[in-house]
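Novice: Residue numbers (this note's numbering), protein chains in the order written: chain B, 268 to 379; chain P, 790 to 903.
Just so you know, these hints were derived from the structure itself, not from any lab. Some hints here could point you the wrong way.
Stated by the list, open to error - Covered stretches of chain B, going by a simulated chain P footprint (3 or more residues, C-beta under 8 Å):
id	stretch
1	294-300
2	309-319
3	362-371
Stated by the list, open to error - Here are some chain P residues the structure puts well away from chain B; computed CB gaps all over 12 Å:
id	residue
4	Arg811
5	Pro851
6	Arg852
7	Leu856
8	Asn860
9	Glu871
10	Leu872
11	Asp874
Said to hold, decoys possible - Reference excerpt, derived from the structure (chain P facing chain B, CB under 7 Å, subset only):
id	residue
12	Gly831
13	Pro832
14	Phe834
15	Gln837
16	Asn844
17	Gly845
18	Gly887
19	Thr888
20	Tyr889
21	Glu891
22	Phe894
23	Gly895
24	Pro896
25	Gly897
By construction, the Cβ of each residue, glycine as well, lies at the ideal position given by its N, Cα and C atoms.
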Amino acid sequence: SQQGEEDPQALSIQEGENATMNCSYKTSINNLQWYRQNSGRGLVHLILIRSNEREKHSGRLRVTLDTSKKSSSLLITASRAADTASYFCATALSSNTGKLIFGQGTTLQVKP
Amino acid sequence: ETGVTQSPTHLIKTRGQQVTLRCSSQSGHNTVSWYQQALGQGPQFIFQYYREEENGRGNFPPRFSGLQFPNYSSELNVNALELDDSALYLCASSPTGGTYNEQFFGPGTRLTVL
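Please put together the full structure from these sequences, using the hints given.
Specialist: Structure representation (structure tokens):
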């Protein structure tokens, strides 16, 4: 079973609005990573947040991590039509086995 | 700097056949991971190779096997193809083994098994 569960499964907003996606996981992690995927193509890395970090920013992206609740959120501010994609969270376990565990993803549609 | 490349882009095979997918890692990276992504799902970890040795394996049967070469490129071999093997196969490279760093993904190979 997948470690990461994402919510919502689908999100539709207008350009300029903010989009928030949530991710929950089950076991201890070393870090949590967010990726974007356009139309079934390769994944693009967005942000990596380590277990001892609580918040991280990159441009219009803000990621939070709450290890006590085993959850993370990705906020995209001032969304653009080009942000339309699927977004996945992936957890890296403390054991560093080489395995990233992905959630099922949130499909974001930004309408112009 | 050259990114991660995969070949072929698309592939159609019939049940029972064997397939080999190829991945060239990003320059300076010694680790390659392989993932299977079924339609509408998140990627599932198959295995990782670090400096030519397997460094972790997901819940996939032995007919999924891999190899990493001295130049750190990699192959994924799947024997006795089944219909459920139809998926997007992604490889990712990283500068070190494990998952403590971001992974750089290739564009994927779309495999269809008829």
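Novice: Against each hint, give a clear statement of whether it holds in the structure.
Specialist: We went through each hint and held it up to the structure:
no. : hint    : result
1   : 294-300 : holds (count 3)
2   : 309-319 : holds (count 5)
3   : 362-371 : holds (count 9)
4   : Arg811  : holds, 15 Å
5   : Pro851  : holds, 18 Å
6   : Arg852  : holds, 19 Å
7   : Leu856  : holds, 16 Å
8   : Asn860  : holds, 20 Å
9   : Glu871  : holds, 21 Å
10  : Leu872  : holds, 19 Å
11  : Asp874  : holds, 16 Å
12  : Gly831  : holds, 4 Å
13  : Pro832  : holds, 5 Å
14  : Phe834  : holds, 4 Å
15  : Gln837  : holds, 3 Å
16  : Asn844  : holds, 5 Å
17  : Gly845  : holds, 3 Å
18  : Gly887  : holds, 4 Å
19  : Thr888  : holds, 4 Å
20  : Tyr889  : holds, 6 Å
21  : Glu891  : holds, 4 Å
22  : Phe894  : holds, 4 Å
23  : Gly895  : holds, 5 Å
24  : Pro896  : holds, 4 Å
25  : Gly897  : holds, 5 Å
No hint from the list above goes unmet by this structure.
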